[in-house]
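Visitor: Each chain is listed here by its residues.
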Amino acid sequence: MIFTTHWFLLFAVLAIGVYWAVPRGQWRLWYLGVVCVFFHTHFAGPAGVVPIVVLMAVTYFAGLSRNRVACALAIALCVAALVFYKYMVFLIGAAVQPLSPAFAATLAEGSRKLMPGLPPLAVSFFTFEFVHYLYDVRRGGEPLRSPIKFVLFSIFFPSLVAGPIKRYMQFVPELEQAASRTISSSDMAEGLRRIGLGFFKKVLLAENLTSWIELTQPEFSQLSLFGRWIFVAAVALRILFDFSGYSDIAIGCARCLGIRLPENFNWPYLASNLQQFWQRWHISLSSWIRDYVYIPLGGNRHGFARKLTNGLIAFGLCGLWHGPAWNFVLWGLFHGVGLAVANGYEKIPKIGPVLKVFFDRDVAPGWMLTQSYVGIGWLLFFYPVPEAWRMTKLLVGAT
Amino acid sequence: MIQRFLTPLGWLNPRWFLAGFGAAFVLMSALGHLARNKDYHPQFKRFHSMISPETAYRPTVAEMCSIVRARCRKDQVLVLIAGNSINYGAGQSADKLWTDELQRLLGAGYCVINFAFKGASSVDGGVVIGEVLRNEYPQQIVVTNAAPVQPAEPGGSGGYGYLFREARGKGMLVNWAPREARLEEWNRIHEIGTSDVLCERLVNRLDEVVAFRDFWNWMSHEVVFTISVPLNPRFPHMLRAKKSFKDTDADASVLPLSQRYRPENLEMELKITRAFSEAVCERAPEGGWRVRPLEEAKFTRFASMGVPDSLKRRTIVILSQNSPHYLARLTKEERERNDFAYLAGIELWKANGYHAMTYAPGMTANDFVDRTHLVASGGRKLASAVATEVRALAATLKYLPNSP
Chain A
1 MIFTTHWFLL FAVLAIGVYW AVPRGQWRLW YLGVVCVFFH THFAGPAGVV
51 PIVVLMAVTY FAGLSRNRVA CALAIALCVA ALVFYKYMVF LIGAAVQPLS
101 PAFAATLAEG SRKLMPGLPP LAVSFFTFEF VHYLYDVRRG GEPLRSPIKF
151 VLFSIFFPSL VAGPIKRYMQ FVPELEQAAS RTISSSDMAE GLRRIGLGFF
201 KKVLLAENLT SWIELTQPEF SQLSLFGRWI FVAAVALRIL FDFSGYSDIA
251 IGCARCLGIR LPENFNWPYL ASNLQQFWQR WHISLSSWIR DYVYIPLGGN
301 RHGFARKLTN GLIAFGLCGL WHGPAWNFVL WGLFHGVGLA VANGYEKIPK
351 IGPVLKVFFD RDVAPGWMLT QSYVGIGWLL FFYPVPEAWR MTKLLVGAT
Chain B
1001 MIQRFLTPLG WLNPRWFLAG FGAAFVLMSA LGHLARNKDY HPQFKRFHSM
1051 ISPETAYRPT VAEMCSIVRA RCRKDQVLVL IAGNSINYGA GQSADKLWTD
1101 ELQRLLGAGY CVINFAFKGA SSVDGGVVIG EVLRNEYPQQ IVVTNAAPVQ
1151 PAEPGGSGGY GYLFREARGK GMLVNWAPRE ARLEEWNRIH EIGTSDVLCE
1201 RLVNRLDEVV AFRDFWNWMS HEVVFTISVP LNPRFPHMLR AKKSFKDTDA
1251 DASVLPLSQR YRPENLEMEL KITRAFSEAV CERAPEGGWR VRPLEEAKFT
1301 RFASMGVPDS LKRRTIVILS QNSPHYLARL TKEERERNDF AYLAGIELWK
1351 ANGYHAMTYA PGMTANDFVD RTHLVASGGR KLASAVATEV RALAATLKYL
1401 PNSP
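First to last, the protein sequences are chains A and B. The numbering used here applies: residue 1 is where the first sequence begins, and numbers increase by one. The numbering used here applies: residue 1001 is where the second sequence begins, and numbers increase by one.
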């Protein structure tokens, strides 16, 4: 993890220290641009920088043209790049393999030759940001004319690796404001607090939980029923502390530069229904999926069946975003189904209204049900489907 | 309360927060500097598993130097043990350690410190500390170990090379050009970029100033350890200070031979035993055996650059042997090749400026706990052989072991 290296710490201290010493205005923006390019080149390598440079240029000029067709084509290119770099081998396996294993092998071999060993650094994050930018410009938003502001939106180092996924209309005013003022003690204090909190979550909590989970998982079936649920809670807390720890470090670093990034987590395990959970969990991704997948598909405007289908597509894609594997897709669909039930159960004749009264009277049952569902979802997220199914059965007392 | 603390700092003046942050940083740094000069291992015998990199605890250069300073006078001959688990004493409990026997045999004019680690190479641990203390303890002998014709990568092994890099980064080592050239070559081969090299230098310089490594180790040893590792997986153990863990390496003498030499491992262990000589020796055209020319060239290159010339002459390399249990099962030809490899190995180490030795002929299968590690009886035999070698070398180097 980049944030927990000596390199990153030294880099961040130097980059932030010099940033406030650089004269206000354009100079500061250009300095930050150089710093971000250096950061990206260091971790992605010169070859890894090429995809983002190409997509950045295409996105910038397509946005500048404000041409709807050009923006649509640029969106298609961004999505194609993401699919190519991250999902090609998975899709060949899923779609072509069942029809013709030989052709699938040839295709996979061919695509491996074209692709670098690993997908370009942060390809999932920057393509989502580019798609958001092009989509909003295509719908009449003001494009970014300043190349340096666009570069900073694309490769702003604190959020490059693990988000949060930015929106340019919020990010650029923050950038401009920070570049035009002097260092503030409240920004530095809040930034350092968030960085400290992030390291505490990531290094002390998440990594220790990971170690415990890895040692305990092989003995899952030997645990007591209570022990198994403790294990699920540990898995759930591990991913929260891990991911929100990254986000805290990113948000804290940006804050030390005087820039506020959007929040990514808001006590998700306090949610008492799935809808609330998704308003609190990985907020920048879930709101992106809502705005650029679910709503454009029609959202909840065309009846229950269409709403259900749109929800499943959106959550299926949300799952797939986490990695090219079936368990991620199933995890997304699992949440899609859960959300559909959570939103529609009260319409079930006879039982629905009774259940609604029950859940409305006290938050505890809803909270327990939601968090149990989320916890079982994490088993699907982290383990192969048969193993997750076996563990789920054990959670309800099966032997 | 927790939520209030974790939410933005509206309740606290940011300037006070920053002042507190700065003060805490200075305090931790000051504690780190204090720890640097303090020996907080009063019962030290060796870096057992719970206070070694095996469990995410990395002894620092200053920490190890403090251990030496707290135990050894400058008029004694400092004998630093380096090398791998064999020299560490795996198979021997802390109260039957071969290095204690070595100390007893050498007497009060010598001061023996065991800085060998499980899995370390012949240039890790004690070799680095010896180089760091070369001027402070000019009367010193370093005892390391290796396979017959197998020098280590200059700069150390993966898990333990950190010690060398720390000492080098802080300018504590001899500026040894051949070794520096190899390190640059290594960086090129492994595509270590300039900014990574620069970062390592900066981190070491920063550590010199703020002493964060020593602060962290002192905290971990004395107060709280925060990393869960496979050897202490249970949560109650996770936070326990390292000092609360005892050296639990068992005395393997009590194990019957059937448990030390398991039949199911025989083939694999024989294969490894053969490989000791097979990989480096071949039939000579004129008859007999010879070291493969490529292996000899590689050996000479690495052995010559591993330790500075000025320090080689006080370094004893023990060529660790395999158990007679396995040697007896080799064919006649394989045994000849094995014997040749050890003789040739000793000559090659000597030709490169080191002192080299191997075990005395009296070792039996009973002296080993497995293919290579020694139980207490084997340790005593090793100590006896090493003591003879150390005394002879001390005399050659004109050291004056001074007993109180």
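In case anyone wonders, no lab produced these hints; they're calculated from the structure. Among the hints, a few may not be true.
[Unchecked claim] A few chain B positions that, by computed beta-carbon distances, are all more than 12 Å from chain A:
hint, residue
1, R1015
2, S1066
3, H1190
4, D1251
[Unchecked claim] Selected chain B positions facing chain A (Cβ under 10 Å, derived; list incomplete):
hint, residue
5, F1021
6, W1186
7, E1200
8, L1206
9, V1209
10, S1253
11, V1254
12, L1397
Think of the CB as a built atom: it goes at the ideal place given N, C-alpha and C, for glycine as much as any other residue.
Visitor: With reference to the structure, classify each hint as holding or not holding.
Guide: Quick rundown of the hints versus the structure:
no.	hint	verdict
1	R1015	violated (5 Å)
2	S1066	holds (24 Å)
3	H1190	holds (14 Å)
4	D1251	holds (28 Å)
5	F1021	holds (6 Å)
6	W1186	violated (18 Å)
7	E1200	holds (8 Å)
8	L1206	holds (8 Å)
9	V1209	violated (13 Å)
10	S1253	violated (31 Å)
11	V1254	violated (29 Å)
12	L1397	violated (40 Å)
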